[in-house]
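Below, each chain spelled out in residue letters.
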Amino acid sequence: MTEKLVDIRNLTVRFKGARTVYAINDLSLSLKQGETLALLGESGSGKSVTLKTLLRLLPPRRSEIEGEIRVNGTDVQALSGKALQSYRGGEVSMVFQDPGLALDPVYTVGAQIAEAVMRHKGLRKEEAISTAFDMLQRVHIPSPERRLRNYPHELSGGMRQRVMIALALACRPRLLLADEPTTALDATVQIQILLLLRDLQREFGMGVIFVTHDIGVAVEVSERIAVMYAGRIVEEGTTHEIINDPRHPYTRGLLAANLHDIARGERLNAIPGAPPALEEPPSGCSFAPRCPMAGPVCRAGVPDFVNLGPRRRVACLRVDPVPAE
Amino acid sequence: MSATETVTLPGSLADKGGPAQALLIVKDLRKYFPVRGGIFGRRQAMVQAVDGVSFSVEKGETLGIVGESGCGKSTTARLLIGLTEKDAGEIIFDGQGLGGELSPRELRRGVQMVFQDSYASLNPRLTIEDSIAFGARVQGLDDPVGRAHRLMARVGLDPTRFAQRYPHELSGGQRQRINIARALAMSPRLVILDEAVSALDKSVEAQVLNLLVDLRGEFGLTYIFISHDLNVVRYISDRILVMYLGEVVEVGPVDAIWSAQAHPYTRSLFSAMPSMDPDNRTKTPPLSGDPPNPIDPPEGCRFHTRCRFADSVCKTRAPKLLEMPQTPGHLAACHLHDPASGHPKAGTEVMG
Ligand SMILES: Nc1ncnc2c1ncn2[C@@H]1O[C@H](COP(=O)(O)OP(=O)(O)OP(=O)(O)O)[C@@H](O)[C@H]1O
Ligand SMILES: Nc1ncnc2c1ncn2[C@@H]1O[C@H](COP(=O)(O)OP(=O)(O)OP(=O)(O)O)[C@@H](O)[C@H]1O
Ligand code: SF4
Ligand code: SF4
Ligand SMILES: [Mg+2]
Ligand SMILES: [Mg+2]
Chain A
-9 MTEKLVDIRN LTVRFKGART VYAINDLSLS LKQGETLALL GESGSGKSVT
41 LKTLLRLLPP RRSEIEGEIR VNGTDVQALS GKALQSYRGG EVSMVFQDPG
91 LALDPVYTVG AQIAEAVMRH KGLRKEEAIS TAFDMLQRVH IPSPERRLRN
141 YPHELSGGMR QRVMIALALA CRPRLLLADE PTTALDATVQ IQILLLLRDL
191 QREFGMGVIF VTHDIGVAVE VSERIAVMYA GRIVEEGTTH EIINDPRHPY
241 TRGLLAANLH DIARGERLNA IPGAPPALEE PPSGCSFAPR CPMAGPVCRA
291 GVPDFVNLGP RRRVACLRVD PVPAE
Chain E
154 MSATETVTLP GSLADKGGPA QALLIVKDLR KYFPVRGGIF GRRQAMVQAV
204 DGVSFSVEKG ETLGIVGESG CGKSTTARLL IGLTEKDAGE IIFDGQGLGG
254 ELSPRELRRG VQMVFQDSYA SLNPRLTIED SIAFGARVQG LDDPVGRAHR
304 LMARVGLDPT RFAQRYPHEL SGGQRQRINI ARALAMSPRL VILDEAVSAL
354 DKSVEAQVLN LLVDLRGEFG LTYIFISHDL NVVRYISDRI LVMYLGEVVE
404 VGPVDAIWSA QAHPYTRSLF SAMPSMDPDN RTKTPPLSGD PPNPIDPPEG
454 CRFHTRCRFA DSVCKTRAPK LLEMPQTPGH LAACHLHDPA SGHPKAGTEV
504 MG
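Protein sequence lines correspond, in order, to chains A and E.
Per our numbering, the first sequence starts with residue -9, numbered consecutively.
Per our numbering, the second sequence starts with residue 154, numbered consecutively.
To be clear, the hints were calculated from the coordinates, so they are not data collected in a lab.
Beta carbons: idealized from backbone N, C-alpha and C, even for Gly.
Watch out, some of these pointers could steer you wrong.
To give an idea of the interface, some chain A residues facing chain E are shown, with a C-beta separation under 8 Å as derived from the structure [stated by the list, open to error]:
hint	residue
1	Thr10
2	Gly34
3	Ser38
4	Pro142
5	Ser146
6	Ala177
7	Arg254
8	Gly285
Derived lysine-lysine pairs resembling DSBU-like cross-links, with alpha carbons at most 30 Å apart [what the hints assert, rightly or not]:
hint	chain 1	residue 1	chain 2	residue 2
9	E	Lys436	A	Lys(-6)
10	A	Lys(-6)	A	Lys115
11	A	Lys72	A	Lys22
12	E	Lys498	E	Lys473
13	E	Lys473	A	Lys22
14	A	Lys42	A	Lys72
Partial list, derived from the structure: chain E residues whose beta carbon lies under 8 Å from chain A [stated by the list, open to error]:
hint	residue
15	Ser227
16	Thr237
17	Gly309
18	Arg314
19	Pro320
20	Gly325
21	Ala352
22	Val357
23	Leu383
24	Tyr388
25	Met429
26	Arg434
27	Asn446
Take the sequences, apply the hints, and build the full model.
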């Protein structure tokens, strides 16, 4: 067993088409066994693409991938055939941002979960169905025995999302990739699911990459946070460090754009400007057009990481060497 | 590009009832879904998804709807646009009853919806530009492509980059914004937004909420805003409606509910908001017990199986939606607030 569960080095992902999209640009990221990392970042910054790359889900013809991706020591790019199948859904599973895509409309949700455990864990049908039942119960779906026989369209949005979580956890993966898994859940159910994930993570030592835009959720679930902008990590640290002492101007803007205690009628605080077009590789700091601290030096080259401590890094040329007050 | 010059919503249905007429009145709306019942799937059972829901929305007002997952919010929304057929109840749009003076077709011109599942309303084979322009084209509105581009820009998506892409070539949050643009392109008077900003980071969410507020001011739009994010609901709504298991349990002005939740369910919902402090994470869920089965909902008050204040009367008699004496327009369905209910703690300040 290697110490690093996930080790991504210099990942670059481009989508080819009428126009090229430089979705991921030289991204490096690692996750230790049993760790939970929250991935925050602007809409379109490459969070879902990063997770899909880890599962080898990008359309092969339209995407160009460079860099090295290892999960538990295995070179993910080199997997194929049976090994790829058992990796996907067995060792690593994903909760997708859109339940509509992950669940098959023509099978009941019970059949889908049971089929996954039969395939990956070699369980017999009855055992698989009772595992499915157990999982639906754990994600707090009311009347689970009846819901096993529901088709996805017969469930509410939040129930579908919990079915996907149940499906992802049923095979006890070593790594869970969760893409905004609680956006369709009300606050009471959301907290129950976050507590469940924390429990399971402790119980099986599962590693989790949790994409969220809800900082409250990141605080509840993760011990580390990485912030993405325009296909790169721009800041990384413990949850405590990022929340209490954000250093990158983008992270600061993101944390300031919070709805807590904002009165109605007041303008909300959005970071002015728009993210870059991603139609060419970055030549300077991608945040420069929107950054209040930007200077000419910021446009001259892509900023390297400044290491502020062990596993604490910021990609900004003007990062304050001292904590903010 | 200033807002007023570039985007107008011409071709909206004309106002009929005048300013005093509520834009939407819903009376006793009901929808039961048949499900395969019993262990062997023989007994026909019914999911009571929406059971006797009544409310109204004034012109220019925003009504927020919140409630537990599965309580019937999306079903209510789908009933309002006629996408799901109601079993019973009345839907009155600007004074005209659906099925009477108002045809489903006309209703669909007046009401647009942004769906919870961002793929649901986008045709995977149409480019983004065509998807947004489609409705405007069908309605014979001027310059559908130009409208589509202007609306894309206003939801923060540069038309030169995104107009020719297909839905699967977008991120989740980009797709959600395209859905908002698509709904607005149809010149609706009422827009129902079902978890429409839930996939957006806080900064883009702020941008979209600012846009919705602007459009409301510019064109007198009316919104029904369904969301699990209570901070968002508070910011955008004038009034909040709280649902539990197919029923309305509380409704009132946003500030009144924010400062004093009258229904015990609303109280637990509000106290479940995530903590923002890494040193002080939530340890126990504020609402224990599973939501009851909507096929066979509890007798009396549907919340009694999980309510801290439940008394014997709660198990037998369903509480009525009554106005709080101190706050006009603030209604809750709980025996605690009805001195005549027979609940031993009725009229006292037990909820603190
Ligand atoms: N198949 C594709 N073809 C072309 N561009 C794509 C494709 N898939 C994603 N993109 C683009 O790549 C960028 C990154 O997308 P991704 O889905 O990773 O964003 P995200 O960070 O998950 O955003 P969100 O928070 O909105 O879900 C976006 O700009 C998106 O438009
Ligand atoms: N087509 C259908 N067939 C059978 N049951 C359905 C159907 N659509 C919805 N239901 C059921 O009706 C109830 C209400 O669902 P609805 O989607 O309205 O919930 P919701 O309040 O929107 O929840 P969420 O917050 O999770 O989206 C649920 O029990 C659901 O399973
Ligand atoms: S490198 Fe320059 S432009 Fe980029 S975030 Fe830092 S200060 Fe701003
Ligand atoms: S009526 Fe009774 S059970 Fe229902 S919310 Fe009020 S106190 Fe609780
Ligand atoms: Mg995404
Ligand atoms: Mg819903």
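inquiry  = For each hint given before, does the structure comply? Return the numbers of the non-compliant ones in rising order.
reply    = 1, 4, 8, 10, 13, 16 and 19
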